[in-house]
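Chains as they are written, first to last, in my numbering: chain A, 1 to 167; chain B, 1 to 167.
Treat the hints with care, since some could be wrong.
Unchecked claim - Subject to a maximum C-alpha distance of 20 Å in a straight line, what follows is the list of computed EDC-like cross-link-like pairs (lysine to aspartate or glutamate):
| id | chain 1 | residue 1 | chain 2 | residue 2 |
| --- | --- | --- | --- | --- |
| 1 | B | Lys126 | B | Glu38 |
| 2 | B | Lys126 | A | Glu50 |
| 3 | A | Lys31 | B | Glu17 |
| 4 | A | Lys126 | A | Glu50 |
| 5 | B | Lys32 | A | Glu17 |
Since the hints were derived computationally from the structure, they do not count as laboratory data.
Okay, here's what each chain looks like letter by letter:
There are 2 protein chains.
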Amino acid sequence: MADAVLFEFLHTEMVAELWAPDPDPGSGGKKKSLSVLEGLGFRVGQALGERLCCTSSSRLPRETLAFREEVDALRFLCKDLWAAMFQKHMDGLRTNHQGTYVLQDNSFPLLIAMGSGPQYLEEAPKFLAFTCGLLCGALHTLGFQSLVTASVASLPACKFQVVIQKS
Amino acid sequence: MADAVLFEFLHTEMVAELWAPDPDPGSGGKKKSLSVLEGLGFRVGQALGERLCCTSSSRLPRETLAFREEVDALRFLCKDLWAAMFQKHMDGLRTNHQGTYVLQDNSFPLLIAMGSGPQYLEEAPKFLAFTCGLLCGALHTLGFQSLVTASVASLPACKFQVVIQKS
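Excised from the complex, chain A in its bound form (with noise of 0.2 Å):
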């Protein structure tokens, strides 16, 4: 279907244009680049965590958006939201049991567009940006504060580690 293909294009015009040379050498460079990807990562998760967690009907009713432990909605991530955004589930989902989870996609499409060899691997934090964001912000809407990043060893493979915060 094209309308998923359509985020996915949307997705690499914007990180090109983040990336894009920008005349003002005071304006924070890549740096600021992946922190706006991750502020829209982060709100667009937060909309489709409650916008799926609303209109599935295996979920918890529209008042109690939470969940009630941290490992069902990692499960939720993992299933739900990377099937409406990719149409598959996540590859893996492990845990320490201490609040720190890896998931592992082992062929992230928001990566396969870029080539495959390690040369590209520098270029592949600002594909994850966002994602790492909407992790969070997914996550925050189910109730929970966490801090997501992102690593690859090949692509394009990938895994997000997140780590929950205690309150």
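With chain A fixed as given, assemble chain B onto it according to the hints.
Quick look at chain B alone, frame taken from chain A:
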């Protein structure tokens, strides 16, 4: 399907990000933001036009993306492209048979999130710029140079005017 709303959420947040107060008064402000949105739309439209032409069995083969008649290209935008983006068809297509076309959407999805009172009318252009660029980019892929503008008389209805540029 959530992947349709994913595009709409991302579009909304992208507009909000570009409209956020800019600390640099010399950066061009709203005019520059509209032009950034149009440029993003143009590139997404090019990619989407190519994808749709190549995957639709009723379309021309890969090596001849261009439509012979401009009205066929406009019909393609109103049906195939609109269905891929918004899961519906455009509500109307009129032409003066001299290269000017008016495409009418009685309930444009990217305007629905706004309020519908007349006080919101002046906010509308920022929600239309991306799609103007997108239509222009798709037409470019199909072999036509064009100027695309949009107007709103009563939210959430809008009209896109396409003027084909003769070479």
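Here's how the hints hold up against the structure:
1. B:Lys126 <-> B:Glu38: Roughly 10 Å separates the two Cα atoms, so the pair holds.
2. B:Lys126 <-> A:Glu50: Violated, because 25 Å separates the two Cα atoms, which is more than 20 Å.
3. A:Lys31 <-> B:Glu17: holds, 16 Å
4. A:Lys126 <-> A:Glu50: With Cα atoms ~26 Å apart, A:Lys126 and A:Glu50 exceed 20 Å; violated.
5. B:Lys32 <-> A:Glu17: Holds, because 13 Å separates the two Cα atoms, which is no more than 20 Å.
The structure is inconsistent with the numbered hints 2, 4, although it conforms to all the rest.
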